[in-house]
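Student: Sequence:
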Amino acid sequence: MTPRLTTELLVKASIRAAEQRGIFASILRHGDDKAGALFVELDVAPGQAALLVRRSSFEGGFEWDRLTGEGFVSPQDVTERLAREIDRDPDCWVISVQDNQGRNIFTLDEL
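First residue of the sequence shown? That's 220 in my numbering, and the numbers climb one at a time after it.
One thing to keep in mind: the hints can contain errors.
[Claimed, not checked] Using C-beta positions, here's what the derived DEER-type ranges look like:
1) Leu228 - Ala264: 27 to 33 Å
2) Glu238 - Gly288: 17 to 23 Å
3) Pro294 - Gly241: 17 to 23 Å
4) Asp308 - Pro265: 16 to 22 Å
5) Glu289 - Leu327: 19 to 25 Å
6) Asp296 - Leu228: 14 to 20 Å
7) Glu299 - Leu228: 17 to 23 Å
8) Phe277 - Ser315: 28 to 34 Å
9) Gly288 - Thr326: 16 to 22 Å
10) Arg223 - Asn319: 16 to 22 Å
11) Ser276 - Asp252: 21 to 27 Å
12) Gly288 - Asp308: 16 to 22 Å
13) Asp308 - Gly241: 30 to 36 Å
14) Pro265 - Gly288: 16 to 22 Å
For the record, the hints were derived by calculation from the structure and aren't laboratory data. For every residue, glycine included, the Cβ atom is placed at its ideal position computed from N, Cα and C.
Input sequences plus hints: build the corresponding full structure.
Tutor: If you want it as structure tokens, here you go:
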């Protein structure tokens, strides 16, 4: 079995990489250090947001899903969906990203 990065290390490294690219990112909710679920609250422009979640893939890695569907929704919609997700998994992480290009800081190396 291949060892994986802890969620805490992944979050900290991704925030540093984002800052180097001029993207503002911060931790809104600190989850389980080793294996907490990871949500990204993405703010693109006033009134435009999305909620992403990292999920295990069938290939053994991870993939990102947009919980708010294609395009963007209101920040209020993101907040409401996130509250439901936190109720289900109180050990989750929530990362806020403000980027007018809508980039996910956890996939910057893939761009």
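Student: Quick one: are Pro294 and Gly241 within 17 to 23 Å, going by C-beta?
Tutor: 22 Å, holds
Student: Quick one: are Arg223 and Asn319 within 16 to 22 Å, going by C-beta?
Tutor: 31 Å Cβ-Cβ, so the 16 to 22 Å window is violated.
Student: Does the beta carbon distance between Leu228 and Ala264 stay inside 27 to 33 Å, or does it fall outside?
Tutor: 31 Å, holds
Student: When you take the CB atoms of Asp296 and Leu228, is the distance between them in 14 to 20 Å?
Tutor: 31 Å, violated
Student: I want to verify a distance hint. Is the separation of the beta carbons of Pro265 and Gly288 within 16 to 22 Å?
Tutor: 20 Å, holds
Student: Note whether the CB distance of Asp308 and Gly241 lies within 30 to 36 Å or breaks it.
Tutor: 31 Å, holds
Student: Confirm or reject the claim that Asp308 and Pro265 have a C-beta distance inside 16 to 22 Å.
Tutor: 29 Å, violated
Student: Holds or violated: the 17 to 23 Å window for the beta-carbon distance between Glu299 and Leu228?
Tutor: 30 Å, violated
Student: Does the Cβ pair Gly288, Thr326 satisfy 16 to 22 Å?
Tutor: 18 Å, holds
Student: Can you let me know if the beta-carbon spacing of Gly288 and Asp308 is within 16 to 22 Å?
Tutor: Because 20 Å falls inside the window, the suggested range holds.
Student: Between Glu289 and Leu327, does the beta-carbon spacing fit 19 to 25 Å?
Tutor: 21 Å, holds
Student: For the range 17 to 23 Å, tell me whether the beta carbons of Glu238 and Gly288 fit it or not.
Tutor: With Cβ atoms ~29 Å apart, the hint is violated.
Hints 2, 4, 6, 7 and 10, counting from the list given before, are not met by this structure.
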